[in-house]
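Can you build the whole structure from these sequences, using the hints too?
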Amino acid sequence: MIPKVIHYIWLGDTMPNELQNYVNSWEKALPDYTFIKWSMSNWNNESKYPIVRDCLANKMYAHASDIIRLDVLLSYGGIYLDTDVSIHKSFDSLLDTPLFLGRIYRNLLGSAVIGSEKNNQLLKTILKEYENITLNEIKYGNRFDTNNSTLTYFFLDNYNDFKLDNVNQTMNDGTKIFKKEYFEQPSVNSHINYAVHHYMGSWRNKTNSAFEKFKVISRFLIPPYIYGQISSSRGAKKNNRFDVYKKSATNLSRDFKE
3 MIPKVIHYIW LGDTMPNELQ NYVNSWEKAL PDYTFIKWSM SNWNNESKYP
53 IVRDCLANKM YAHASDIIRL DVLLSYGGIY LDTDVSIHKS FDSLLDTPLF
103 LGRIYRNLLG SAVIGSEKNN QLLKTILKEY ENITLNEIKY GNRFDTNNST
153 LTYFFLDNYN DFKLDNVNQT MNDGTKIFKK EYFEQPSVNS HINYAVHHYM
203 GSWRNKTNSA FEKFKVISRF LIPPYIYGQI SSSRGAKKNN RFDVYKKSAT
253 NLSRDFKE
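Just remember that our numbering sits 2 ahead of the position in the sequence shown, which is counted from 1.
Don't read these hints as lab results, they were simulated from the structure. Bear in mind that the values here come from a model prediction, so they are computed numbers and not experimental data. Hints are supplied without guarantee of correctness; some may be wrong.
Label-pair ranges, simulated between beta-carbon atoms [claimed, not checked]:
1. His193 to Asn60: 37 to 45 Å
2. Asn191 to Lys141: 36 to 44 Å
3. Gln22 to Lys165: 36 to 44 Å
4. Asn23 to Arg236: 26 to 34 Å
5. Asn174 to Ile224: 36 to 44 Å
6. Asn26 to Lys248: 37 to 45 Å
7. Asp175 to Gln22: 33 to 41 Å
Glycine included, every Cβ here is placed at the ideal spot set by N, Cα and C.
Dropping the structure here:
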């Protein structure tokens, strides 16, 4: 059973007002949940994952957060949220699931919303890989460049029936994977959305490119559902390496077991 605890992480200085507003709205949407903000002042598993300190020293805050979020879910159970997520309905109907997550694109798992029971074996197995990775593996590799990649490769390697498609799935161990409209992208049927990820990218280096300016303007001019579909289609094309990997990984057909 997943406890009614919301975990979120902030590793920088003062949280921007726009993100703080999202966080403040969670308590109104989930009045019977407990909320825990994690930072380096209260997360104390650094000795097990020294890569976190290396990431912080290189201002790779999102990559440090990738590891911390999985670790706190393993240690305490609950639901992790990125700070740029808005909640649209209660997660109560999902709490009897051992682990749930959603797709960000057709061919890529998301990590802005992850729910897990305490001591989940799948998370334990993934975190084991993080104990000895190097900064170069994160900077220049494919498997650990983001949690999204790490999770997607893990499911491709360990679940025979995992699909690179925008469908709901229940895996052999009870893990549930939901369509991108559940936690990430706006849906034309708003009743589907438990949450929406707004992709503020507080960890990214800001640019003034024409495309970045176009994205900002488009958010105001295009209906959210249409903008989400365009963004999702573009994201799937950029991540076609997973489609290629799935086709070539014929020797990795096995089911994950505890």
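Handout entry: Cβ distance range 33 to 41 Å for Asp175 and Gln22, holds or violated
Key = The hint (33 to 41 Å, Cβ to Cβ) holds, given that Asp175 and Gln22 are roughly 37 Å apart.
Exercise for the section: Return holds or violated for the Cβ distance of Gln22 and Lys165 against the range 36 to 44 Å. Expected result: holds (37 Å)
Handout entry: Satisfaction of the hinted span 37 to 45 Å by the C-beta atoms belonging to His193 and Asn60
Key = holds (42 Å)
Handout entry: Beta-carbon spacing of Asn23 to Arg236 - inside the hinted bounds 26 to 34 Å or not
Key = Since the Cβ atoms of Asn23 and Arg236 sit about 27 Å apart, the hinted range of 26 to 34 Å holds.
Handout entry: Status of the given 37 to 45 Å range, CB of Lys248 versus CB of Asn26
Key = Between Asn26 and Lys248, where Cβ atoms are some 41 Å apart, the hint holds.
Handout entry: Whether the CB-CB distance between Asn191 and Lys141 falls inside 36 to 44 Å
Key = Holds, since Asn191 and Lys141 (Cβ atoms, about 40 Å apart) stay within the stated range.
Practice task
Take a look at whether the Cβ-Cβ distance between Asn174 and Ile224 falls inside 36 to 44 Å.
Solution key: Given range 36 to 44 Å: holds, Cβ gap about 40 Å.
Of the numbered hints stated above, none is contradicted by the structure.
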